[in-house]
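Peer 1: Residue numbers (my numbering), protein chains in the order written: chain C, 0 to 358; chain W, 8 to 530; chain F, 133 to 440.
Careful, some of the hints might be misleading.
[To be verified] The list that follows gives simulated cross-link-like pairs (lysine-lysine, DSSO-like), each with its CA atoms no further than 27 Å apart:
#, chain 1, residue 1, chain 2, residue 2
1, F, K437, C, K350
2, F, K426, W, K283
3, C, K354, F, K430
4, C, K239, C, K169
5, W, K88, F, K251
6, F, K437, C, K239
7, W, K129, F, K426
8, W, K43, W, K281
9, W, K35, C, K351
10, F, K430, W, K88
11, C, K351, F, K437
12, W, K281, F, K426
13, F, K430, W, K35
14, W, K281, C, K350
15, C, K213, W, K235
16, C, K354, W, K35
[To be verified] Not the full set, but computed from the structure, chain F residues with beta-carbon under 8 Å of chain W:
#, residue
17, P267
18, E271
19, T297
20, L301
21, N309
22, A312
23, I318
24, N321
25, V427
[To be verified] Partial chain C-side listing against chain W, Cβ under 10 Å, derived:
#, residue
26, S7
27, P108
28, W208
29, V209
30, T214
31, R219
32, V230
33, A233
34, G234
35, R238
36, I346
37, R347
38, K354
The set of hints was computed from the structure by calculation and includes no laboratory data. Treat the numbers as computed from the prediction; the structure is a model and nothing was measured. Note that beta-carbon positions come from the ideal geometry of N, C-alpha and C, so glycine has one too.
Listed below, chain by chain, are the residues.
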Amino acid sequence: MGKRIGASTRDLIITNFVAIVAGLVLSGLLLLLLDINPIQVFSSALTTLFTDRYMAAEVFLKATPFIFTALAFAFTYKANLFNIGAQGQFYLGAVAAVSVSLLLDGKIPTPILLVVVLASTLVAGGLMGAGIGFLKARYNANEFLTSMMSTYVALAFMNYLLRTVLKETKGEYPQTDALSEAAWIPRIVPGTRLHLGFVIAVVTAILIWVFLYKTPMGFRIRAIGSNARAVELAGINSRKIFVIAFLISGALAGAAGFTEVNGVQRMLIQDFNPDIGSAGIGIAILANANPIGIIFASILFGAISVIGTMMGRMPGINVPPSIVSIIQGSVMLFVITAYYVRAIIGIRRDKKRLKREEA
Amino acid sequence: MREEVKGNWSEIEIRNVSKYFARVVANKDVNFTIRKGEVLALLGENGAGKSTIMKILYGLYQADEGSILFDGKEERIANPKDAMRFGIGMIQQHFSLVFAHTVTENVILGAMRGIIPYAKAKEQVESLASRYGFDVDADALVGDLDVGVQQKVEIIKALFKQTTLLIMDEPTAVLTPQEADQLMEFVRQFVADGHAVVFITHKMKEVMEIADRIIVMRDGRISGDLRKEDTNEAELSRLMIGRDIVAPEKVDFEGRDHGQLGLIVENLSLSRGKVKLLDDIDFHLRPGEVLGIAGVSGNGQEELCETICGIRAFDSGSIVLDGVDLSELSLREHIDQGIGYVPVDRHRDAMIGSMSLAENIYLKFSTHDDWNRHGLIDANNLRQKTLESIEDFDIRAPGPDVPAGNLSGGNQQKLILAREMRLAKKLLILNQPTRGLDLGAINNIHTTVLQARAEGLPVLLISTELSEIFALSDRIAVMYKGRFMGIFLPRELNTERIGLLMAGIVPDDLAHVADEEIRAEVV
Amino acid sequence: MSVVVGILARALTMSTPLLYGSLSEVVAERSGMMVTAIEGIFLIGAWGGFVGTYLWGSALYGILLAMGLGVVVAAVYAFVTVTMRQHQVVTGTALNILVAGLCTYFQRVLFGIPTSPLKIERLPQLAIPLLSDIPILGEVFFNQNILTYIMYAIIPLIYFVLFRTSTGLAIRSTGENPVASDVAGISVNFVRYMTVLFSGLMGGVAGAFYSIGFLGMFTAGIIGGRGWIAFAICFLGNWHPFGAVVGTLVFGLAESISIYMQSLGGAGFLPNEFFIALPYILTIVLTVSRRNFKVPAKLGVPYVKEGG
């Protein structure tokens with residue numbers, strides 16, 4: 000038995016590694032079309048990544064919101080629910096973060112302010128999530144559609160605020176005033192932009208893992224995802240769990256608003272981080288919705304994103320930034336196919352052994 | 008337009024066919040011949056590989072080794088379309104009908120091309136139905152029909168495709184004895200027309216009644232190939248089971264006076280629209296008694312279980328367990344009252360295949376304080392209790408952490424029963440607990456039921472297997488269209504009588520018994 | 133009056149691509165396949181439409197390229213979800229990200245970074261003689277572009293195929309109970325491949341409509357969730373072609389009003405952004421209020437055949 004588990008873990012590592020490499024190779028081939036030597040740019044980007052402290056820290060900086068949005072998707076996914084609206088919950092979290100920060104800035108000490116801001120993002124994202132969960136529980140509204148559409152509504156809402164009440168004092172661009180230093184999340188590695196938010200994200204992921212796998216409520220959420228009817232028949236109210244799962248999921252996505260506004264941008268700008276919701280889905284899939292796996296998958300996606308940015312800035316080379324989506328999308332697609340490949344390998348192996356035993 | 012059928016072969020030979028699923032050998036070196044004008048019975052326990060070999064012949068599965076020959080010529084059957092071209096039709100054990108479509112639409116599926124002449128197709132369906140004396144409305148939605156009628160739709164489907172070899176997989180499982188007789192009549196007529204039938208079953212009696220030749224299968228292999236006149240039930244049983252199995256013995260029920268203890272159901276009714284799912288049901292199930300409920304499935308048995316368990320609300324009547332009125336209680340409170348329930352479809356209602364044995368046990372205890380510690384699941388305690396259950400119920404599993412879905416059907420059912428026995432302090436409800444299991448597991452479960460009875464638990468046993476009902480019940484109720492046709496002592500019934508009751512007819516010689524008010528107090 | 137006629141005509145125009153998308157989604161979902169790659173298919177259709185027209189000088193080539201690219205994306209989607217049996221929502225999400233990257237990337241490969249946006253000629257409005265002279269109706273229905281006229285024919289055609297032919301019966305049975313199809317000798321995978329590829333074809337045209345028929349250019353945000361709206365309309369229209377028609381007209385109208393209001397810069401106390409969000413809000417409201425869905429029983433469930 001032990002040997003079998005070993006074999007399937009080995010399959011998992013190998014196939015996922017191959018999937019990631021395949022994604023990189025595919026994007027590398029596309030670079031050839033622009034007369035860019037992919038080996039050269041990739042190796043130079045990777046060298047920088049491993050030698051330049053600032054750029055290395057950027058990887059973790061980028062990974063921070065990914066961890067939150069990926070956890071948001073994974074959390075409902077465990078209950079076989081789809082929260083496609085992490086992007087919108089993140090926007091509301093960002094709006095809450097910037098509003099509360101601007102409002103309380105200088106009025107209370109920094110640590111308390113940051114806690115209050117974080118709490119406000121959790122509430123903002125959580126309420127939006129719970130709303131979707133409520134519509135599902137009360138009206139059986141398809142959560143995939145409502146969460147998807149809610150993102151566009153949240154975006155319009157944010158843009159409205161940026162154009163009106165939150166607009167900078169200069170009144171020139173649709174963006175807020177900059178936050179004062181008192182509302183910044185402290186940086187943890189000198190000379191880089193990496194801030195405490197990354198630590199919070201990692202701790203959150205661990206807590207979510209404990210919650211899902213070690214607590215009765217986490218058990219129920221996972222059980223609902225596998226067989227909702229059996230859970231209902233065990234006397235558990237699945238509607239309540241829909242709302243709870245979406246509440247937590249939304250709160251997680253909202254927290255990304257805190258780390259991005261108070262940790263990175265230090266203001267709210269129109270159209271910022273438009274892809275972290277979908278990247279979160281990709282990361283969650285890559286990690287098979289395992290919270291601990293999400294930490295590593297987020298770092299991988301963070302690295303892809305930093306490499307993409309670096310390649311775009313290389314003098315005289317000019318790699319288009321869309322290469323990042325291509326790498327992300329193709330890695331996701333290959334990882335999905337790896338699930339199938341693993342299943343096939345497993346069945347072949349079982350069958351072969353069976354035939355050997357028969358013979 | 009219809010497809011052309013080449014069904015004019017005279018024999019099909021299955022030669023050395025083997026089939027491996029990922030973890031089981033489904034068929035190994037299977038050899039036999041199917042001939043026109045003959046009813047061939049495939050006899051074997053559940054899981055013996057009968058269905059698999061026929062699914063290979065029908066093109067649903069591909070053999071890993073071996074070949075299929077038509078009149079000595081090897082042919083490849085890559086999919087059911089190829090099989091149909093040779094005039095082969097197969098009725099699956101679980102019907103392959105589209106419930107949302109009409110009878111006509113179901114019949115012509117895959118048998119017509121291009122624009123569908125609905126009026127003409129309907130006429131053809133009706134004429135086929137009348138030729139074999141089937142009373143089927145061509146415009147009815149299949150989902151609205153009784154299972155017995157659905158089976159007729161399946162037969163018409165096959166006939167419409169000019170089938171010359173009809174394979175039927177456990178066709179009597181859903182029928183009343185009388186309906187089963189009609190089916191046998193059809194089979195004889197069909198074979199007399201020069202066609203062939205393969206009849207898959209695990210029931211010895213049917214084999215002796217209908218078969219010309221018998222193939223016995225065990226563990227994926229052929230263990231006997233005999234003509235009916237050369238064999239008998241004892242030999243078949245030996246070939247089929249291959250080992251000694253001792254059925255558990257039952258001591259007689261003692262008719263003690265239990266007062267108001269046990270389960271008392273009065274005037275229980277439930278309707279959906281105009282359909283009466285439960286119609287004025289009355290009974291008193293006493294401690295230490297097994298009340299068997301016979302009937303064709305779909306006559307309200309599941310609804311009865313679910314209302315008693317608190318899963319479904321009911322319209323009127325009362326349910327009282329050990330003096331406690333259950334009607335105002337939530338589902339959770341029902342469970343906490345001490346009701347154990349093994350539903351008919353464990354995959355749908357009771358089990359989570361992807362979760363471990365331990366987690367499946369925990370499923371019904373996640374709200375119990377003594378299963379949790381400091382807000383976390385008490386893992387040690389859970390492991391301990393799971394090991395206990397594995398031991399006590401003889402669950403064959405590598406350990407408490409393997410996914411329940413990896414176990415065999417019998418062991419899965421034992422796992423569910425183990426969990427429910429932990430809960431069943433006051434009542435045990437079993438809905439077809441042995442459906443689809445092998446004899447070893449069936450015996451195991453029967454032993455548990457009789458043990459529960461001996462310990463004074465009231466047991467409600469729903470089953471479509473009459474042998475099971477007679478073996479375990481102290482009293483027998485027959486359900487038809489949501490109604491109890493009466494509650495009887497086993498000695499008052501025989502196959503014919505119970506068959507009529509299952510069809511909603513009270514035989515004359517039972518009328519006086521059935522009319523009596525709640526027969527509970529008689530004994 | 134002319135404002136109203138203008139809004140109605142624009143509503144029909146905006147309905148056209150949504151209807152191509154939602155009708156194709158109806159066909160696919162009736163066979164059990166949610167085409168969640170529809171947003172990406174729309175986008176690559178828009179891009180293909182632009183590129184074909186720009187490079188080869190004719191909208192016909194644009195539409196053909198859009199159809200071709202739509203089919204390619206659909207084929208990848210079908211391969212992963214049907215053959216490999218992977219999750220439909222997850223696969224669609226991955227493909228949508230990938231396609232978004234590819235469109236922008238190849239736009240850059242082909243055209244570099246132009247100083248001013250590249251424009252193509254939009255599909256002309258073809259006034260149908262006589263019919264377009266009918267007051268109001270003529271202006272609304274018969275002064276549209278060629279893709280809208282083709283749509284008029286596609287609606288009854290799809291209805292007929294789905295409900296009056298053996299092909300349609302096979303598609304509907306496959307979505308309700310694939311085992312029934314399989315046992316009846318119909319290849320479940322073949323049916324599902326075909327419906328998904330058809331979705332790619334139609335979705336490609338829908339996407340092309342936005343670049344060729346509407347904007348006259350390509351931008352990365354040209355689709356902006358409209359694929360998802362078409363996807364939603366299929367649900368809201370209860371998986372019926374006529375339901376999809378009603379749904380798209382409602383959305384087309386919402387979008388047309390939205391565009392008109394935005395051109396006024398909002399109306400009274402309702403800001404511009406409200407009208408931008410209007411179609412999405414409408415989707416949520418309808419998703420919540422709609423009752424009695426007749427979901428194809430096996431929608432989104434991969435067909436796993438034992439003994440493979």
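Peer 1: Which numbered hints turn out to be false for this structure?
Peer 2: Going through the list in order, the structure violates hints 3, 4, 5, 6, 8, 13, 14, 15, 17, 18, 24, 25, 26, 27, 28 and 35 and respects the others.
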